[in-house]
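Trainee: Here's the letter readout for the chains.
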Amino acid sequence: MADSVSEYVTLVSHDDYEFIVSRSAACISGTIRRMLDPSSKFSEGLTGRCKLDDMSGIVLEKVCEYLCYNEKNKDQTNVPDMDIPPELCLELLMAADYLDT
Amino acid sequence: MYGSPLREIHLIDTSYRANRRQARGIRGPRSALTDFLASNNISAQQIQDDYANRQAEAARQANEAQRQSVDPGAEQRRSPSEANSPEDLIKKRKRQQAITRIKNSKEFAKRKARLSGDHDPEYDDESLANQIHEERQRPQPGQLANCEICEKRFTVTPYSKTGPGGGLLCPDCSKKHKADEKKPPAKKRATGNIGRRQNQTNLLDGLTPHGTQSLLETCIKKVADYIHDVEDFGDLPPSLLLRLGQILSRRRAVTPKTLDLFIRPQYRSIDLFDCAKLDTDDFHKILASMPHLTRVNLRFTTPFKDEIIQYMVDRDMQIKDLHLDGANLVTDACWRHLFQKLGHRLQSLKLWNLNSAFDDETAQVMCKQCPNLQRLKLKFLHKTGNGTLEAISSLPFLEHLSLHYLKETEIDPKHLWSIMSAVGSRLKTLSLEEFELVDDKLLQLIHEQCHSLTKLRLSKNFTFTDAGLAALFVNWPNQALTYVDMNSLRDVDMTNPNGPEQPIGLASSAFVALMEHSGAKLQHLNIASCRHIPYQAFEQVFAEGKVYPELKYLDLSFSPAVDDYIAMCIFRCCPALQRLVVFACFKIRDIHIPRGLAVIGTVGATVKIDGVAQTETI
Numbered sequence: 001m002a003d004s005v006s007e008y009v010t011l012v013s014h015d016d017y018e019f020i021v022s023r024s025a026a027c028i029s030g031t032i033r034r035m036l037d038p039s040s041k042f043s044e045g046l047t048g049r050c051k052l053d054d055m056s057g058i059v060l061e062k063v064c065e066y067l068c069y070n071e072k073n074k075d076q077t078n079v080p081d082m083d084i085p086p087e088l089c090l091e092l093l094m095a096a097d098y099l100d101t
Numbered sequence: 001m002y003g004s005p006l007r008e009i010h011l012i013d014t015s016y017r018a019n020r021r022q023a024r025g026i027r028g029p030r031s032a033l034t035d036f037l038a039s040n041n042i043s044a045q046q047i048q049d050d051y052a053n054r055q056a057e058a059a060r061q062a063n064e065a066q067r068q069s070v071d072p073g074a075e076q077r078r079s080p081s082e083a084n085s086p087e088d089l090i091k092k093r094k095r096q097q098a099i100t101r102i103k104n105s106k107e108f109a110k111r112k113a114r115l116s117g118d119h120d121p122e123y124d125d126e127s128l129a130n131q132i133h134e135e136r137q138r139p140q141p142g143q144l145a146n147c148e149i150c151e152k153r154f155t156v157t158p159y160s161k162t163g164p165g166g167g168l169l170c171p172d173c174s175k176k177h178k179a180d181e182k183k184p185p186a187k188k189r190a191t192g193n194i195g196r197r198q199n200q201t202n203l204l205d206g207l208t209p210h211g212t213q214s215l216l217e218t219c220i221k222k223v224a225d226y227i228h229d230v231e232d233f234g235d236l237p238p239s240l241l242l243r244l245g246q247i248l249s250r251r252r253a254v255t256p257k258t259l260d261l262f263i264r265p266q267y268r269s270i271d272l273f274d275c276a277k278l279d280t281d282d283f284h285k286i287l288a289s290m291p292h293l294t295r296v297n298l299r300f301t302t303p304f305k306d307e308i309i310q311y312m313v314d315r316d317m318q319i320k321d322l323h324l325d326g327a328n329l330v331t332d333a334c335w336r337h338l339f340q341k342l343g344h345r346l347q348s349l350k351l352w353n354l355n356s357a358f359d360d361e362t363a364q365v366m367c368k369q370c371p372n373l374q375r376l377k378l379k380f381l382h383k384t385g386n387g388t389l390e391a392i393s394s395l396p397f398l399e400h401l402s403l404h405y406l407k408e409t410e411i412d413p414k415h416l417w418s419i420m421s422a423v424g425s426r427l428k429t430l431s432l433e434e435f436e437l438v439d440d441k442l443l444q445l446i447h448e449q450c451h452s453l454t455k456l457r458l459s460k461n462f463t464f465t466d467a468g469l470a471a472l473f474v475n476w477p478n479q480a481l482t483y484v485d486m487n488s489l490r491d492v493d494m495t496n497p498n499g500p501e502q503p504i505g506l507a508s509s510a511f512v513a514l515m516e517h518s519g520a521k522l523q524h525l526n527i528a529s530c531r532h533i534p535y536q537a538f539e540q541v542f543a544e545g546k547v548y549p550e551l552k553y554l555d556l557s558f559s560p561a562v563d564d565y566i567a568m569c570i571f572r573c574c575p576a577l578q579r580l581v582v583f584a585c586f587k588i589r590d591i592h593i594p595r596g597l598a599v600i601g602t603v604g605a606t607v608k609i610d611g612v613a614q615t616e617t618i
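Here the protein sequences line up with chains P and C, keeping their order. Here the first sequence stands for residues 1 to 101, numbered as in full-length UniProt numbering. Here the second sequence stands for residues 1 to 618, numbered as in full-length UniProt numbering.
Do not take every clue at face value.
The calculated DSSO-like cross-link candidates involving lysine-lysine, where the alpha carbons are at most 30 Å apart (straight line), are [to be verified]: (1) Lys305(C) x Lys176(C); (2) Lys176(C) x Lys72(P); (3) Lys176(C) x Lys110(C); (4) Lys377(C) x Lys285(C); (5) Lys285(C) x Lys74(P); (6) Lys221(C) x Lys72(P); (7) Lys175(C) x Lys221(C); (8) Lys161(C) x Lys51(P); (9) Lys221(C) x Lys350(C); (10) Lys74(P) x Lys552(C); (11) Lys285(C) x Lys305(C); (12) Lys428(C) x Lys441(C); (13) Lys552(C) x Lys72(P); (14) Lys407(C) x Lys285(C); (15) Lys176(C) x Lys161(C); (16) Lys178(C) x Lys285(C); (17) Lys74(P) x Lys350(C); (18) Lys152(C) x Lys106(C).
Rough simulated footprint, nothing fancy, chain P against chain C, three-plus residues with beta-carbon under 8 Å [claimed, not checked]: (19) 214-220; (20) 227-236.
Ranges between beta-carbon positions, derived for each pair [said to hold, decoys possible]: (21) Glu65(P) x Pro575(C): 31 to 41 Å; (22) Asp37(P) x Asn355(C): 28 to 38 Å; (23) Glu7(P) x Ala276(C): 34 to 44 Å; (24) Leu204(C) x Ser22(P): 30 to 40 Å; (25) Pro80(P) x Phe583(C): 19 to 29 Å; (26) Pro80(P) x Ala276(C): 41 to 51 Å.
The set of hints was computed from the structure by calculation and includes no laboratory data. Positions of the beta carbon are idealized from the N, C-alpha and C atoms, including for glycine.
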């Protein structure tokens, strides 16, 4: 398992919601990229499973939505901002700061 | 009973002629009105008949008008039937007379002259005269007319529309007629094009039109949008707090209410870039609720008064960094008091825009009482002059110096020389703006004294020579600079736009020498308005094989030499470039911009980004 780098990774929230996203999308986040770096020998890098203890499932869902949104639009010009529900934006801000996205 | 005759009375019009009596048997009782009408030779029956006749006539005319519009010869064919009634004969004669009159009139001649230019064969004399006649017959506003389409009677107004046949239309038909007219097709905007204004706004905000913004930035903006609904930021890290402060300041949304979000008793710094909406009490609140403050950075602080400074002094606050912009109500006495009491702690002092206080004497007190100052910035302090410069040279630990005097202030360059001699060797950053008449001697002193600079700004000067600037950079023991701002070093003789023979300001040799010296580490370069830099110098500096690996920001505005080719060379030589500013470089017409680079200030140029062409709409 350690040698074969799978195309998808799993992100897990503290309330155990699991989100499976493509590796390239997840690595937009600097933090996740460093976690998953196979050379770092973190357990995340070996298993392809990141436990994000600071995030609830709702926030992580939005984060994953952004990761995919970014992946989808990275070659487009003049992309509108992703819609974020106002009640979530402070938590999401903290998450974004932590994830370095 | 009475209904019938009464209704008929309404139909009496001027054309009514009661010359026909009809003998008919009347049955039933007669009303008083009928008696009266009969005695006055008015017959209800006749009125009714006349009405019917008129209706029939109107219908016939409408039919004929329709036929006439299809077949122009109808007029002639109609004439015999028209001649049948004596009434029509009179009408026709009158019409003929009117038309003859029209033909002799000035208006007719004018119109004919106008039309003959168009060579329209359909408009012969006769039809033109008819047309004018019809126009004259048209009812005036306020009168009644029959609608050309629906035959309804309506009141003519100045706004009544002319129908397809030349008659007037009733309001309802005008509306329908208008709707039938083809609307001009809506302007189409080709996709991929974006308004110039929006485009430039985004670029100035540092947004390249590529991909999405970072989630962090999106969230910060969203929080700023909903700032009035936020009750508490929670434990937001200071870096984010600073960024939020910047965005809210820019939107002018720092109010006493939002201020509460930024007041954290445990924090040691506060940065608010727009305090214009805060009151004196709010400044009190900041100082009172954040007792551990060491850094106070407040801009547009008009209500910042003596009592606030006094409060700082009374509490003996541990302030090390004091940055105040526009604290104009603080008096000289109070400034001196502050420096005397808290001056020994101050490590950095930045003051902007003071015009009623802060004179040379205060500056001398400052320099005497704040010996630990490492960073000093004084910009637009109206009352400072040579005395302040003299005092600055006595600061023993000064490392960062930034001065921007008012243009009108008369400066003795000697004081700048003595500053260089006294503190030059320690200086890490130096910014001298708008010292217009300071000459090459200063450059020579910088060359000799300053050996630890990383940032150098010498702008808005028309005395430095190209040779003097080149001499500064050639064999300068100073390390490579990371930040250079040399904007507006040029000759300002309007009568000689190309400058004198021996170039003034940053020109060929100085530019080449600068890039030779600092190119390897340079991150930020501003040479806007250095208009004596020739094309060859750009070609030489950005030649093939030269690389400026760190350069992120380059401002070339108002450099007339820069064209598409130079821009391409710049893209090739500066792989890390993020912003290129080219206001008024009109030779940039068609460029292909690499990914991640914002080119600011192009006018009407065709800009191509990774195969997506954007023609700017102006």
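Trainee: Does each hint hold? Answer for all of them.
Mentor: For each hint, the structure was consulted:
no.: 1; hint: Lys305(C) x Lys176(C); in the structure: violated (69 Å)
no.: 2; hint: Lys176(C) x Lys72(P); in the structure: violated (49 Å)
no.: 3; hint: Lys176(C) x Lys110(C); in the structure: violated (34 Å)
no.: 4; hint: Lys377(C) x Lys285(C); in the structure: holds (27 Å)
no.: 5; hint: Lys285(C) x Lys74(P); in the structure: violated (46 Å)
no.: 6; hint: Lys221(C) x Lys72(P); in the structure: holds (22 Å)
no.: 7; hint: Lys175(C) x Lys221(C); in the structure: violated (48 Å)
no.: 8; hint: Lys161(C) x Lys51(P); in the structure: violated (75 Å)
no.: 9; hint: Lys221(C) x Lys350(C); in the structure: holds (29 Å)
no.: 10; hint: Lys74(P) x Lys552(C); in the structure: holds (22 Å)
no.: 11; hint: Lys285(C) x Lys305(C); in the structure: holds (14 Å)
no.: 12; hint: Lys428(C) x Lys441(C); in the structure: holds (20 Å)
no.: 13; hint: Lys552(C) x Lys72(P); in the structure: holds (27 Å)
no.: 14; hint: Lys407(C) x Lys285(C); in the structure: violated (37 Å)
no.: 15; hint: Lys176(C) x Lys161(C); in the structure: holds (11 Å)
no.: 16; hint: Lys178(C) x Lys285(C); in the structure: violated (66 Å)
no.: 17; hint: Lys74(P) x Lys350(C); in the structure: violated (42 Å)
no.: 18; hint: Lys152(C) x Lys106(C); in the structure: violated (35 Å)
no.: 19; hint: 214-220; in the structure: holds (count 6)
no.: 20; hint: 227-236; in the structure: holds (count 5)
no.: 21; hint: Glu65(P) x Pro575(C): 31 to 41 Å; in the structure: holds (33 Å)
no.: 22; hint: Asp37(P) x Asn355(C): 28 to 38 Å; in the structure: violated (57 Å)
no.: 23; hint: Glu7(P) x Ala276(C): 34 to 44 Å; in the structure: violated (54 Å)
no.: 24; hint: Leu204(C) x Ser22(P): 30 to 40 Å; in the structure: holds (34 Å)
no.: 25; hint: Pro80(P) x Phe583(C): 19 to 29 Å; in the structure: holds (28 Å)
no.: 26; hint: Pro80(P) x Ala276(C): 41 to 51 Å; in the structure: violated (32 Å)
Going through the hint list in order, the structure does not satisfy hints 1, 2, 3, 5, 7, 8, 14, 16, 17, 18, 22, 23 and 26.
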